[in-house]
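Protein sequence lines, in the order shown, are assigned to chains U and D. Heads up: the first sequence at position 275 corresponds to 282 in this note's numbering, and the numbers run straight through without jumps. Heads up: the second sequence at position 127 corresponds to 1082 in this note's numbering, and the numbers run straight through without jumps.
Just so you know, these hints were derived from the structure itself, not from any lab. A hint or two may mislead.
Claimed, not checked - Cβ pair distances, simulated, as ranges:
| # | chain 1 | residue 1 | chain 2 | residue 2 | range |
| --- | --- | --- | --- | --- | --- |
| 1 | U | R624 | D | A1150 | 31 to 41 Å |
| 2 | U | G632 | D | G1224 | 27 to 37 Å |
| 3 | U | S50 | D | D1121 | 44 to 54 Å |
| 4 | U | V169 | D | D1121 | 53 to 63 Å |
| 5 | D | G1224 | U | P310 | 50 to 60 Å |
| 6 | U | V169 | D | A1088 | 47 to 57 Å |
| 7 | D | D1151 | U | T87 | 57 to 67 Å |
| 8 | D | G1014 | U | S50 | 20 to 30 Å |
| 9 | D | G1224 | U | S50 | 54 to 64 Å |
| 10 | U | A165 | D | A1150 | 50 to 60 Å |
| 11 | D | P979 | U | L102 | 32 to 42 Å |
To be verified - Residues from chain U that keep clear of chain D, each with C-beta distances beyond 10 Å, as calculated:
| # | residue |
| --- | --- |
| 12 | V17 |
| 13 | L20 |
| 14 | G28 |
| 15 | V106 |
| 16 | V248 |
| 17 | Y420 |
| 18 | S428 |
| 19 | Q555 |
| 20 | T569 |
| 21 | P596 |
| 22 | T611 |
| 23 | S616 |
We put the CB at the ideal spot given by N, CA and C, even for glycine.
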Amino acid sequence: MASVPPSGDVDALRERLRALGYLDARVDRFVLGGAASRSRAASLALAASVRIGLLAGVILGPAAVIGIATRAPGLVTSVTDAMVLAAYLTVPFGLASAVLACVAILTAGWLARQTASDPEFPARARRAAIAAGLMVAAVCLAYLTLWWRAAVPPDAWAMQAVVLAVAAAISVLIGHVVTISVLAYLARLGLAGLPVGSPLSSWRAVVPAGAVALIGAMVLIRTLAPVAAPESAPPPALTVVPTGVRAVVVAIDGVDVSTLTRLRASGGLPTFDRLVSGASVGLAVSTDRDPAQVWTTLATGQPPERHGIRALEGRQLAGVEGRVGADSPGMSMLTTATDLLRLTRPTIASGEERRVPSFWEVAASAGLRTAVVHWWATWPAAGTLGTVLSDRAILRLEQGGELAAEIAPASIYPSLLASASVRMARVNEVAASAALGLSPEIAAIIERSARLDATVLDLATDSTVGSQDLLVVYLPGLDIAQHALFPAAPSDTLAPAAAAERVRALEGYYAFLDGALGRTVVTSGGPTHLTWLVTQPGRVAGGAAGTQALMAISGPGAGLDTTSEVVSAEALAPTVLRALGVPVAADLPASSVESLFADAFKTTFVVRSVSTYGERRVGSVQTTGKPLDREMIERMRSLGYVR
Amino acid sequence: MSSLPGFFGTHQPAITRAIDAFVPASTGAPVVDAMRYTLLAPSKRVRAVLVLLSAELCGSSARAMPAACAVEAIHGASLILDDLPCMDDAPLRRGRPSAHVEFGEAVAVLAAFGLLNDAYGHLARAYEPALAAKITTLYADAVGLDGLVAGQAEDVLATDTTLTFDTLERIHRRKTGVLFSAAATAGALSAGGSADDIAALTAYAKNLGLAFQIVDDLLDVTGTPEETGKAVRSDVRKTTFVSLSGVDGARELALELCRTAAGALAPFGRRAAHLSELAEFVAQRRL
């Protein structure tokens, strides 16, 4: 008879026995073990689904970590993070798998029962069980392939094959347990004559099924692979053609261009006059005013989906060092709930999430001396080139103690710390002058902002920072003051006199900034410095029509045209780098804004290009200090950045 | 010849004493004598031992003896029927003339029915209603149309025909495996075992039952009546695992099945040592 293996064919007998549930069937036993005692078919299906969910959760949770680690840089920072995250993900994936399995079992069982009186019933039942298993396996395979797609370089065939083989094996396993569960469900319904065991109990079925799954996954991953994989290409070495230019980039948040123009016209802002005396263009303003996202876009020349920083406020899962952004409304609601449950806690965007280098990092990697002060998402500073006083540097200098990567190189920290008290006195004096003549409540707001900006400027011109080819400073004070003076409630709810005082205070802040800039970074550079003024409207503007931002340059090499041209925020980085003689990466979405430069400069120093700056590369540096995570959150909360 | 594991020395006499008390005392009636003749014949009492060991594994064997006696009674009944001239027509059983040879066919058939009824009655009397119902249902299913009766019917009708592999497995499962599984499950139930305990023990018994039957097939080919206590070469007209895979192949499969059986008990750790020994004994047995 055809089904009788030839005498002596032990391997064939062994496979047949496996298909009948003999020999090793631990997974089957695990899945059906809890269901064995159920007297009702539906509760058997439920019990088996719960076990399938457990099995799938344990497998798919860790599998998802691989994909998440790729998609959310900064979330997984260590093996411990990965393990804790996998434990978290086991729950939702387990639940989802259990529901899917239950639906598949009940549906396949219902379909098979329709033909219970048919002589062909055993064969149909078997087909229904296999179909249910295949469906779940296909979903599982597609899920794993899509998750892991981003984690495997498109040209790494061997790695892809291994990864997809694992995905195929997992999918076949999950499909198999669904199939045996359907058969068990039908058997519990009292439908006799059912075949025992799953076809996938036999290697002769598993191997072809696995091969088909593997091929399917390969097709899927190749079909969906990104066309270009810039991250896979090693960035070429950068060479600098000296332009003789030293650059100072002054970034001011919260600037209302029309107010600035009006105040300049009244003659009260000589430093700003000087800053915009060269050429200027408008900067396109994003409707999303998240400062970490906006200023990282300006710093990297890449959009948020490429640089990876989407929100200032993120969440850290309990037990995980890394963080995940919380920028969507749905995510915000979810995190509110998880915060209450103490499963998550708020965090501030950090450089660990940034995937691409900033323009000062590119310049430093090209061999230029660079310094950046207080820019968003610059912490942790350790392991980077150049001088970095990160967005946590001021906090560290206030708190003292050992560095936790707030300042780089660490060698300048003792000196900065030693001069902290003197600096504070100096800054307090300057800040107090900004609040003269204001009512106490408003004076406190203005003084707080002025103290912060004055500290940034003081640090930027500190002798330890030294002379740089590129100095970048970020001043948040105006935005903070504006946000505090004109909160989300419309200003017409204020009494006219109160509103007028606030407007006056804000205008006074422009004058304060003008003086502070004039005393520090704008004059300290000297005649060889090309100075950028970069503004953003800040959080209060809220994306209203007519809001503008500005990019202006002045100094040697700068043009003299103020145009109505509006360029994207991504244009700042290539423009600064081009001015310094650094090649501009071809994979940046914007090019250098040539209209800002004088013709002679453009003729002498043509724009050079390079394929890419590659991914952000940070050296591994151990720090001994305790990160100021909690203090940073409190500071951001007090300044109105996070709730 | 492989020797019985040590724990048989403890359990066998206890089972025999319990059976002696359970089976009706001799009244001179041939049916009662036939029942006692069958049940008290020298035997390894593997199924009853399996009940006790499973119960031990799940906590305690203190309440398992009625289930052990019942399974032996059911097994004894099946042997009487199996040996009848209309079935296997076996003259020897457990080293003695078969029941129908000793007492005549009519008495033997009635003794088989008597044993079955006593088994169910004993369970109903020994346990509280819920547990009694569970174990009785379990044993009834093992005897019924997906158990011994169906297996024996198919086996008898298959004589002189070549069986498919699926049919052969089904006959073995129904004639041996199902009662092994029922014995293990009954032991677990009597000790309050969990669903996972029962699943592991069922997997153990399923593999062990088939291994037991394959070894039986092997002994029919390689053994002697002195060793096995029954007539040998009686299966020459039947398809067996030996005819499918040869003597060495069948031995290899039996060994693998026994290893798998022992492996199924891994969740119990060292507590399952006795059942693992039993699996090893089945794989090596010569009697």
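Reported absence of U/S616 from the contact zone with chain D (all CB gaps over 10 Å): Since the minimum Cβ distance to chain D is about 64 Å, U/S616 lies beyond 10 Å and the statement holds.
Consistency of beta-carbon spacing, U/L102 to D/P979, with hint 32 to 42 Å: Given about 58 Å between the Cβ atoms, the range is violated.
Range hint compliance [Cβ, D/D1151 to U/T87, 57 to 67 Å]: Cβ of D/D1151 to Cβ of U/T87: about 31 Å, so the range 57 to 67 Å is violated.
Whether U/P596 stays farther than 10 Å from all C-beta atoms of chain D, as the label says: Holds: least Cβ distance 58 Å, greater than 10 Å.
No chain D beta carbon within 10 Å of U/S428's: holds (66 Å)
Range hint compliance [Cβ, U/A165 to D/A1150, 50 to 60 Å]: With Cβ atoms ~44 Å apart, the hint is violated.
Consistency of the no-contact label for U/Q555, given chain D and a CB cut of 10 Å: For U/Q555, whose nearest Cβ neighbour in chain D is about 69 Å away, the distance exceeds 10 Å, so it holds.
Separation of U/V248 from chain D, once the least beta-carbon distance is taken, above 10 Å: Per Cβ check, U/V248 is outside 10 Å of chain D; nearest 70 Å; holds.
Given as non-interface: U/Y420, partner chain D, CB spacing beyond 10 Å: Correct as stated: the minimum Cβ-Cβ distance to chain D is 57 Å, above 10 Å.
Assertion that U/T569 lies farther than 10 Å from chain D (Cβ): The claim holds: U/T569 sits with its nearest Cβ about 79 Å from chain D, beyond 10 Å.
Range hint compliance [Cβ, U/R624 to D/A1150, 31 to 41 Å]: Taking Cβ atoms as reference, U/R624 and D/A1150 lie about 54 Å apart, which means the hint is violated.
Range agreement (Cβ of U/P310 with Cβ of D/G1224, hint 50 to 60 Å): With Cβ atoms ~57 Å apart, the hint holds.
Violated hints, in rising order: 1, 2, 3, 4, 7, 9, 10, 11, 12, 13, 14; the structure is consistent with all others.
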